[in-house]
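Protein chains in written order, with UniProt numbering: chain A, 1 to 202; chain B, 1 to 187.
Check each hint, because a few of them may be wrong.
Claimed, not checked - The following label-pair restraints were derived from C-beta to C-beta distances: (1) A:I154 to B:L44: 29 to 39 Å; (2) B:G102 to A:L24: 54 to 64 Å; (3) A:L30 to B:E55: 27 to 37 Å; (4) A:L30 to B:V73: 53 to 63 Å; (5) A:S190 to B:T177: 42 to 52 Å; (6) A:E160 to B:M162: 23 to 33 Å; (7) B:P59 to A:G112: 32 to 42 Å.
As the list claims (entries may be wrong) - If we take Cβ atoms under 8 Å as the criterion, some of the chain B residues that face chain A in the derived model are: (8) F36; (9) L56; (10) L120.
By construction, these hints were calculated from the structure, which means they are not laboratory data.
Every residue gets a Cβ at the ideal spot worked out from N, C-alpha and C, and that includes glycine.
Chain by chain, the residues:
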Amino acid sequence: MAVKTQKKATSIDMTAMCDVAFLLLTFFILTATAKVPEALPVDMPASTVQSKLPENNLATLTIGKGKVFFDLKGREVRVKALEMMAQKYGVEFTEDDKKEFSIMEGFGVPIGNLKQIIEMKSAERSKAGQTGVPKDSLDNQLAEWIQFARRANIDINDKELEIAIKGDAKEEYPSIKKVMDILQDQGINSFSLVTGLRGKNF
Amino acid sequence: MAELNTGDGGGGKDKKVRSKKQNSKVDLTAMVDLAFLLITFFMLTTTLSKPKAMELGLPDKEDPKQKNVDIKVDENRTMTILLGKDNKLVRYVGLLATPVAGGAPKEFAYGKEGIRKELLSRKASVLAYSTAKGKPKNGMIVIIKPSKKSNYRNLVDILDEMGIVEVPTYAIVNEFTPEETKLLEGK
Numbered sequence: 001m002a003v004k005t006q007k008k009a010t011s012i013d014m015t016a017m018c019d020v021a022f023l024l025l026t027f028f029i030l031t032a033t034a035k036v037p038e039a040l041p042v043d044m045p046a047s048t049v050q051s052k053l054p055e056n057n058l059a060t061l062t063i064g065k066g067k068v069f070f071d072l073k074g075r076e077v078r079v080k081a082l083e084m085m086a087q088k089y090g091v092e093f094t095e096d097d098k099k100e101f102s103i104m105e106g107f108g109v110p111i112g113n114l115k116q117i118i119e120m121k122s123a124e125r126s127k128a129g130q131t132g133v134p135k136d137s138l139d140n141q142l143a144e145w146i147q148f149a150r151r152a153n154i155d156i157n158d159k160e161l162e163i164a165i166k167g168d169a170k171e172e173y174p175s176i177k178k179v180m181d182i183l184q185d186q187g188i189n190s191f192s193l194v195t196g197l198r199g200k201n202f
Numbered sequence: 001m002a003e004l005n006t007g008d009g010g011g012g013k014d015k016k017v018r019s020k021k022q023n024s025k026v027d028l029t030a031m032v033d034l035a036f037l038l039i040t041f042f043m044l045t046t047t048l049s050k051p052k053a054m055e056l057g058l059p060d061k062e063d064p065k066q067k068n069v070d071i072k073v074d075e076n077r078t079m080t081i082l083l084g085k086d087n088k089l090v091r092y093v094g095l096l097a098t099p100v101a102g103g104a105p106k107e108f109a110y111g112k113e114g115i116r117k118e119l120l121s122r123k124a125s126v127l128a129y130s131t132a133k134g135k136p137k138n139g140m141i142v143i144i145k146p147s148k149k150s151n152y153r154n155l156v157d158i159l160d161e162m163g164i165v166e167v168p169t170y171a172i173v174n175e176f177t178p179e180e181t182k183l184l185e186g187k
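All chains, full assembly: derive it from the sequences and hints.
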């Protein structure tokens, strides 16, 4: 008796596989958060730490080239902090300004120039040559921002604001120290340093 | 003369017009390949690009009016790490004037082969020393002194080493004695 090998179909129906693949693809594209353009790009040092940065209740202080930029998470918190700052320094912001401020990236200008920055398009902001939030002892707006942001966050989220320092790897220690001192003056003794990731065998 | 042979010229009259049989199946292999490639890309980029947060707790700032009381620490347990410019790192064990045996000021490199080896061996010897004294809980104390010329990467690197080596107690101290400044500038 001759053994006949069964003829197999060479092509597989890929329709279902294709469906699943595209479904997953759509899911990942939609859940991926678009990278917000940074007002002050910094090269973060790497560490082996695994814990992630919190997603909300967070203020990020970006330090690079001797300048400090301030960024805050949460739209309502931002608006509230801006209102408090505006009141303190007597600067007027329209409703549109506040709305724009709530969705824009971090900034690094004195409060007097903030309105100009808000009115710019986001592509122009990075080229605007922002000078950093003033942090001298005479005009310590950075401390005020932190203070008001903490208050706003407690009012809205009922949680203590967490502070993260995102420094450039080449930044000299005194400017980092200066920011740490400002935080410590407000009784913030615990904060995070934002780093990249690397393996243990560096 | 040459004749152009067009399709319906001549005896095509009787031929039945047949619609071409089309293949109803499309080969999806390439499409699936592409889809999975993109899935992989998006999966990896969403999870890998998250920045990490290194927790740092500092002690309360001292009130300048209140005279701080010096706490006596066994010098056999302390290692001081000085961070200088251009990634220079000098460490000594004990007091600078009278360092513990093998703990004279010496320059080390960052990373696995440099300071980490030293930290691990010193940690073991401190543990042996404390156990001999009957207090095995007293581990090593590391004092980190970043100089004005050191950069942020140096600080993060050394804090990271503290985490890897699991140093129980470490502190960042900003005061420099003149001898220490000399040590960093010298050589």
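Provide an ascending list of the numbers of those earlier hints which the structure does not satisfy.
5 and 10
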